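Peer 1: Residue-level listing of the chains:
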Amino acid sequence: MASKWFVVKRLLLLVPVLLGVATLVFAVLHISPGDPARVMAGQRATQEQVEMIRQETGLNDPIWVQYGRFLVETAQLKLGESYVLKPNQSVMSILKNSIPTTIELAVYGQLLGILLGLPLGVLSAIKQDSITDHITRIGALTGISVPIFWSGPIVIILFSVTLGIFPTNGRISQEFFLSDTWLFFGHELPRTGLITIDTLLLARYDAFMSAVKHLVLPASVIGFYSMALISRMMRSSMLEIIRQDYIRTARAKGQGERITILKHGLKNAFIPVITVIGIQFGTLLGGAVLTETVFGIEGIGMVLVDAIDVGDYPVVQGTVLVFALLFTLVNLGVDITYSYLDPRIQQ
Amino acid sequence: MGRIPWLRANQMLWPWIRARVRLIGSAALGGGVLAVLGVIGLLLATPYDLAFVSTQAFSLGALCFGFGLLGWSGSVLAGSSVENAQRYLDTGMNWSEADSRRAMARIGGFGFGGMVGVIVVSSLWA
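Chains as they are written, first to last, in our numbering: chain A, 1 to 347; chain B, 1 to 126.
If you are wondering where the hints come from, they were derived from the structure by calculation, not from laboratory data.
Relax, there's no trap hidden among the hints.
Pair by pair, the computed Cβ-Cβ distance ranges are:
1. B:Asn10 to A:Leu262: 49 to 59 angstroms
2. B:Ser26 to A:Pro147: 33 to 43 angstroms
3. A:Lys9 to B:Ser26: 20 to 30 angstroms
4. B:Asp99 to A:Leu329: 19 to 29 angstroms
5. A:Glu73 to B:Arg22: 28 to 38 angstroms
6. A:Lys253 to B:Asn94: 39 to 49 angstroms
7. B:Tyr48 to A:Glu48: 17 to 27 angstroms
Where chain A lies over chain B, by a calculated footprint (3+ residues, C-beta under 8 angstroms):
8. 45-56
9. 70-82
10. 113-126
Only part of the chain A face toward chain B is listed, based on derived beta-carbon distances under 7 angstroms:
11. Leu13
12. Pro16
13. Val17
14. Gly20
15. Val21
16. Leu24
17. Ala27
18. Ile31
19. Trp64
20. Thr275
21. Val276
Bear in mind the structure is a predicted one, so any value in this text is a computation, not a measurement.
Using N, Cα and C, we set each Cβ at its ideal position, and we do this for glycine too.
Please model the complete structure; the sequences and the hints are all you need to start from.
Peer 2: Okay, structure coming up:
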């Protein structure tokens, strides 16, 4: 079990991570061209109106005063209000609606990657240099090399446009919406925000199937990328393990190959793979920016792209901070799991 | 003297602190000097006003500081995992968590020094 001190140390590391991200975002937004006061006031506003907004929002203050204020407000989770994207709506409420979408996409993608990657990696290792191994390795190399902005449109053309099996974009068919708001069968979404869970909770299996159909392509694209790295890592790790003395001893004692691999090899080979899965999950959350844009899914990634597009600074800052928080929390979970499986890491 | 535990701990603690202060302090000093010279140089050589120059210079310093801090904490959080992953993937790179941590501490210190330098020179100039 992970010691309390180990967990506390990891939690304390969240502070510099978030401070670093907040500082980076603040700096980038101030260096990049564009005047937030002008964005807020609108292009037709007079110079006096722009100046008034600048005065009211503190944009006239010296930059270090703005930086200090930004850090204090961020620490209090006051992320401000959207200027342009959804005017006068708090950034927190925008994020609250979009985070579950991204998490759902990343979780299904990662699950797919794990379910395919682990067995393929093990198979590739125990059948080293066979045709199966070569095919798996080529598949893994392809998966790592092909970017999502290329594979996404390809699967859309193939499975949506040509074969017509899956829908091209969105989270669920429009027929399941009562209006273009978040009203869904008279219930306000998100309940959990995870559309597959919500539809099941409401016992609307037709809507559930629609949500699943909408998820298949984006989750597969993400999953393929994830599967590639996991299978590659699993293969290398498994190869190292099956050359160990204790595996040789198990074989020498006459234990069956399957039991030797599954009982003695798998758990130990899995340890380094866990860290990769964790890092990979964080990357998937980041990769959601591309996937959501390609598949038209309104998650946090798409919110970020839209906010950058219109120069909505508070939304950009809030979104990036949430990305960082999710990434580090996932890493924390991975570290705790890792330390449970291999207590030496705590020292 | 060496038998007293807290003194023995201190004997180990001071060199540890000194090495880190030297690492970050020298970088911060460099950043601070560069920021002061940069702000003064830009004010004298360009038509931009103090507000614009200090905003740009402070943002650049903050960029370095943020990058360094994020890189440092990222190295501590996930460095060993990345090191492990590289070993298993046979990337042949000599990247290590400790080197990355030191480099990032320097970049962060440089940026922090730059931010402080901009504040000092801008306050004095105004």
